[in-house]
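Engineer: Sequence:
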Amino acid sequence: MCAVSLPPWPWNVVRQVAAERGVQVWPVGGCVRDLLLGRPRHDWDFAVDRDALGLARAVADALGGAFYPLDEERDTGRVVARHEGRQVDLDFARLRGPDLESDLRNRDFTINALAVGPDGELIDPTGGLTDLEARRVRAVGPQAFDHDPLRMLRAIRIVAELGLRLEVRTAQWIIERAGQLPRVSPERIRDEFVRLLNARSVAYHLQMLDELGLMRPILPDVEALREQRQTPPHRHNVWWHTLMTVDAAENILRLTGVVGGERETLYADAPDPAWDEVRETLSSFASALVRHLRRPMTAPRYRRTLFLLAALLHDIGKPLTVTEEMKPGQAHPVLHFYGHEAVGARRAADWMRQFRFSRAETESVAAMVRAHLRPAHLAETPGGVTGRAAYRFFRATGEAGVEVVLLALADHLAIWGPNLEPQRWARRRAAARALLEYFFTRTQGAVAPPPLVNGQDLMRELNLLEGPEVGRLLEAIREAQAAGEVTTREEALALARRLKSDD
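Residue numbers (the numbering used here): 1 to 503.
You may find that some hints are simply not true.
[Said to hold, decoys possible] Distance condition first, Cα-Cα at most 25 Å in a straight line; then the derived DMTMM-like pairs of lysine to aspartate or glutamate:
(1) K327 - D457
(2) K500 - E475
(3) K500 - E437
(4) K500 - E490
(5) K500 - E485
(6) K327 - E227
(7) K327 - E361
Since the hints were made in silico from the structure, they are not lab data.
Note that the structure is predicted; figures quoted are calculated from it, not measured.
Take the sequences, apply the hints, and build the full model.
Structural biologist: Structure below.
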């Protein structure tokens, strides 16, 4: 019989309090699975034969933590405590069935249907240990998905987080029931989907969702993206291009150290030297990018997650804007997607609101989608990225402009792949470097210059009445500051007088 070594904290306290109260308690589920895998645990689940809420309250007192009832009807509560400087959640739930084995057999996957007995023995009625050793995720039975369709999405998330594979029969059960996912609340779907985006090999697991039929309930646009063909320099339909862009975006996060791991390109097929050039282009901003992209927008969702969401949604407007143009001498029409970035931004915002993302998150992703072509336009502008251009770019995008710069690089790599044109690619990298330089190195002066004058100054010095003319002149001064043309109050007023006289 397999024995599980439980850490003294919190198990010794939980066991002692349970004995004092005359109740039975077992560590169960994911915490047991992770102990067997040797993964660090910061959250614990306990099954209790009765009075789980009472046990949770008593454990909270013993640990000096806080108690929260999660579901009083189902006798489920949480203890939030701190250990070695970290927050730890301990969930206590009454058995779902007459005994522990019934409870375990009603769980989602065999690798989660595990418990530890009083002497450290592993309790494994569904063969979870065998599946864990075989590195596979197997549902306890089809009823697991009937009871809670979110478990279908959770299966892929566990595969992604733990590097496992999905058992064939479990995959078939998901395919048969994928249409039931909309029964689940948008918030629960959002939270599982975000965890999937935070795992490794995001594009691969998005394709897995698609093949199992789960992508359509999450993002109905996937059918139109798959059917929408593109013309050169694009090489694939919009959905496949999207997967390549997500893959490239994830690898940019790796190259800058925002997420761990070495470069792993499963879809993005740019040549190896191109990735070395990405690393070189971004190297001087790596620490700043780590700080920026690891910041939470709405805890526990981070900017890096929203960046990958924007990569997923960046071309969502293409099927809605496609037009055809037949040029002389060509056998097939050229496809255009004029305005797809603006249309896509509106659709992305609708999708974000549907899944109850915060307003700040929604506006950030919409800004990324709306502006994802702007760095390419700046790269092809004679003179490159000027201070004035950088100011206008970040005025339009705000802090999301950093992600837009990275998204434009990922998009370019996905479009051209092995056909990268050296000069065009060099201009893209130069534009990215210039924009990030303005943002991270000269933020106050170039992106958000401190005011040299205010509206009252202009009205007094130029004898103006309050109105739009004052705002126009203030904006012109800020642009000139960003370009380094104006540095003092006197120069600002002189510029305003010239502009006023020109009118």
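Engineer: Would you pick out the hints that fail for this structure and give their numbers low to high?
Structural biologist: Of the numbered hints given earlier, those the structure breaks are 1, 3 and 7, listed in rising order.
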